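J.: Turn these sequences into a full structure, and let the hints guide you.
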Amino acid sequence: MEHTTLAHHLILAGLLFVIGLTGVLIRRNLLVVYMCLELMLTAATLALVAFSRFNHLMDGAVLVFFVITVAAAEVAVGLALIVALFRQRGTVQSDALNSLHD
Amino acid sequence: MQISPSVLLLIAVYTPILTGLILLTLRKLPKSFASGFALGGFAIPAVIAPWLLAKWLSPNTEIQQFISDGPWGFGMGLNGLGAPLLAMTAFVGLAAGIKALTQEVEARNTYLGLILFMFGGTLGVFATTHLIGFYFFHEFALVPTFILTLFWGGEGRRSAAMQMALYLTAGAMASLAGLLIALDASGLSFNEATLVRVVEALAEGPHLPQATAALILFGLGTLASLFPFHSWAAPGYSAAPTPVSMLHAGALKKFGLYGIILLGASSLHLSQGTLGNWFLGLAVANVFVVGLICLVQRDLKQLLSWSSVAHMGPIFLGIWVAGTNGKAAGLDAAAFLMVAHGLSCAALFLLGNAVRTRAGTYRLDSLGGMASRSPILAALFIAATMASIGLPGFGNFWGEIGVFLSLGGLPLWLQAIVASTVVISAVYSLRAVAATFFGPATEALEERYRVAPFGDLGLAEIGAASLLLGASLVIGFCPSIITRSTNPVMTDIAAYSQRAEIKLSKPAPQRAPQSPATPAR
Amino acid sequence: MSPDLSCLVHWILFLPLVVAAFSAVVLRRAGTIAAWLSTATAFVIAYLAWIVLSQVPGDLVWHVKLASFGQMELGFGYLLNAHARLMLFVVSFVAAWIHLFSIGYMADDEAKGRFFAGLSIFMFSILGIVVADNLLMTFIFWELVGFSSYMLIAHYFDKDFAAAASKKAFITNRVGDLGFILGLAFCLQHFGTLNFADLAAHQPAGGWPIALGALLMCGFLGKSAQFPLHVWLTDAMAGPTPVSALIHAATMVAAGVYFMARIFFLMTPEVLEIIAISGASMAALGGLCALAQTDIKKSLAYSTLAHLGIMACALGLGHPELALLHMTMHAFFKATLFLGAGSVIHGCHHEQNMLQMGGLLKKMPITATAFIIATLSNCAVPFFAGWYSKDAIIEAAFHGHHYVAFGLLAIAALATCLYSARMVRLVFLGSAQSEAAEHAHESPWTMTVPLVILGVVFSLAAGFATSFLIPANATVSIAEPLHEMAFSFTAPATWVGLLSLLAGWAALKFYGIFPGKDSLQVFSPRTYHLLEHRWMDSFYEWYLQKVQRRVAEFIAFLDLLLINGVAGRWIAAGIPAVLGYFTGRTLHRGQTRGYALWIILGTLLLAWCFLAR
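Protein chains in written order, with the working numbering: chain A, 1 to 102; chain B, 1001 to 1521; chain C, 2001 to 2613.
It cannot be assumed that every hint is accurate.
Which residues of chain C face chain B? A few of them, derived with a C-beta cut under 10 Å, are [to be verified]:
#1 Phe2022
#2 Ala2162
#3 Gln2548
#4 Asn2564
Since the hints were made in silico from the structure, they are not lab data.
Since the structure is predicted, the reported quantities are computational estimates derived from the model, not experimental observations.
Note that CB positions come from ideal geometry on N, CA and C, so glycine has one too.
T.: Right under this line is the structure:
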């Protein structure tokens, strides 16, 4: 089998990103939406690593650590918010959370 | 002690604005005090502006004497087209002010204050040199128009004010987009962007796309009631209080034409290509189709409103023809008609309202035989009508005949359609005069006379109407007052419109370095 | 032009304007003062015009630039050639006497001040047309004359028919002016100048374009009431009689003929052909229709139409001098006829129906004498004023081989004698048919003196005067045919004249058969109705009501529906509605999904904007 090129990695990252994006837009369960957000972050990370490897630079790999840290912080805060929301409303379906409706 | 013209110009523009501000804030001011203040605010520009025009025309004055920096960063100064328009606005404003002072309204101080704002803004439009400044003053004058129509207007004022606001704001937005594109293309910074410099820079640079020209034409055209964006004008003027109609139809509407002439006719090639054909067609439609619409009006104020739309047609045609053949004749005639139409239109609205306050109605079939009861009103109204249909002796004649003569290159049938306004305007105007003043009095009028007997015009109204008609007579007998002022500017503009045309065969040059200030006179 | 002569013309032209402004503003209530002031001014002008006329010949020219639109110059100036000086004198002379007449006629009118101010404005306007040196200036005064006419016809404005008549006159004139404007534009476009002298000096190689003559002719059609714009003249009789005399008989309608003579060099043979035939037809028809009018003024109006047709025919046959000559003679005798009619109307306490008059020869001898002399002049009895010009024109038609025009003119001459005889018979001979006629009395001196001067002196002697008294070189082109014509009795025109006179004598007897009724109506009601019905007016009425009004209402309806309705409301409301629908479905439900969607779309848009640069 021939070597994988940068293009393959980027396509994979792109696919992951699109799957994540679609999930954010379509899924109603907030937790699933959250997971899809994480998927989008992963896709970005993958792209960074791929660039780092194929351009023989360390910058991308270092940036991955930053991304992971930010993702972790975001998950912590976000999940706390979702739990608080569940305690208030008893649901995590985004359809039901419409008190800003005109 | 010699007060320099630039200071006088500032005083002329800002006195109404300051007076208006005082009246708006001090709403509890007693009536006579407020009237005195307001009269001062209306009268001072009317005294200064003709003097400024005379100074402008005298051979020893320099343009620099008129230039100054105004507040808000918009410089003040005059140009050949602005000076006569300023004088016309001042007269129209004074007449409108006299009318407003004789009206019985609620919240009088607010009413007068808003009209003063409108007046000051309109003066500012023609007195400023900055490109965005003149737009700013126009909007400044336009907002009180909406408010006045909405609260103090007549029948149908809500929908009329709404329609006017929507159309005029859309037009203003389109024209602002065009102005900003032009400003960007000229390469000048905001502070240097006087109208004159922008025009020169655009004339030397590459062509702007026709889309920009279309934005300017249709945006400013909507503000000047170009067909087919004219639907706001007739209901708007009909429903608005009379001083507002006088100021808007007489003076403020000319903002759009002012912009089209200075910016569009010179650098944007409005008269060429597809846009030029559309422009011609719409201008002819403005003359002919709107003229036909005037024929079927049954209400005096609506008739006057529609006829003010119809009179914009020859002005557009004068602008169009100058862009095609590079001769300034059409532009000169158009500018003349702008000044003359402002005077006659304001006079007609003023006197029409005098009819309404006496007879209680504007409907032509209820009016009749008023000449025997109010002979002076009849005489002045007939004079204003004659002015409006272009009888020689009044200013409108020179404007109209100038436009007709400059259209000599068009095919004969097209010229005939345009010139048919001479007959059509005579038909509807004389019909209105006969229905209102001649013949025996109708029963409705007799009834009204028993209930509320009316007399002839009061001294104030005679003064206001005579001012307007007198000014029209003066420029009718001495057209050189206006043409000496506009001729140099229009020759330059016509030359610009042709000069840039020649560049089509050459490759687009680099952005030219800023030329030193040589404003066209 | 010598400075004092141009000064004279300034006085002649602007004095009436100043007097008019003064009367209108200051003298509104003091009618009598205004009346005498106007009349005095008119006599002063007539005297000054006489001085100008008797000056050394040669064209007198003066010019000043008023303003310029770009390269287009607007000039004001005087061109006084032989035609102009003659016309100047004729107009001011006739006008002066009519002013005097009006003092008596309008003595008990309340709005005298306004009337005389109007007469002064009219003087200003007509004199402007006479002296103008370029087409634009002529047009300016052309319109002003139309305005004066409007104002004066509407003198009795509280009557509906006066208001309608003034409107009709103005609008019909304006239709002619439309053609005039197109001619002005054409002339300027093709020749670059509107000045008569400049145009005359630069004749183009292929001859003048036909369009120029045809368009300028339209103004003539309107002002001089030629077909198809003749409908306003009969209605214009709604104005006071002096107005009819001055404006609608002697001067304004003749201004069109004068103008055509001035620009005669611009006319092509085709245009002249049209004018000749149209004029001759009008002459015949006008004369015949005059037989069916009971109002004395309307009958005279048709007579004026006929004479204008004769003048037009003379122009069309290529003899502008003859047209001017006839215009001069016509001014004298037609003014007398109208003034006589005015005197009769005044004497019969404003009775205008001829069938109610009668036997006034004994009651109003001076009026009757002047009227009869003027009538004889009208009928072209040899050696009366009208004979010189009218017969010369008929001669010219015959010798120029225009037999159609000759035939029509012969019919016109016949009809002239018929209706004149009818008029004299019904008004002055026989016995009084009504109370008013019974108690008629002669008019005061202010009215009879003009009648005598214009009628007895000029209608009789003007022919002699022009051939012998006025120096031949002053009106050289006009005097020639007179000298030739004086004693040739074998010409065809003489035969026509004799036949007409016989017919007239027969008519005198015919109309006396049924006192109080029109004999023609009794004998042949169909013919009478045919002549009486106003065919062209009916056509115009039909056009205005059925065609023009409907088209205009339809267009107004379309504007309201399509532009105001569809474009304004539907599109302006439609776009927000469509956008609102889409955003409403996703954004305004309070759901985070919608917010997320729009955030992402926004981000993509920004990214595209930045990255696509």
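J.: It remains to establish, for every hint, whether it holds in the given structure.
T.: Hints, verified against the model:
no.: 1; hint: Phe2022; verdict: violated, 15 Å
no.: 2; hint: Ala2162; verdict: holds, 8 Å
no.: 3; hint: Gln2548; verdict: holds, 7 Å
no.: 4; hint: Asn2564; verdict: holds, 4 Å
In this structure, the one hint that does not hold is number 1.
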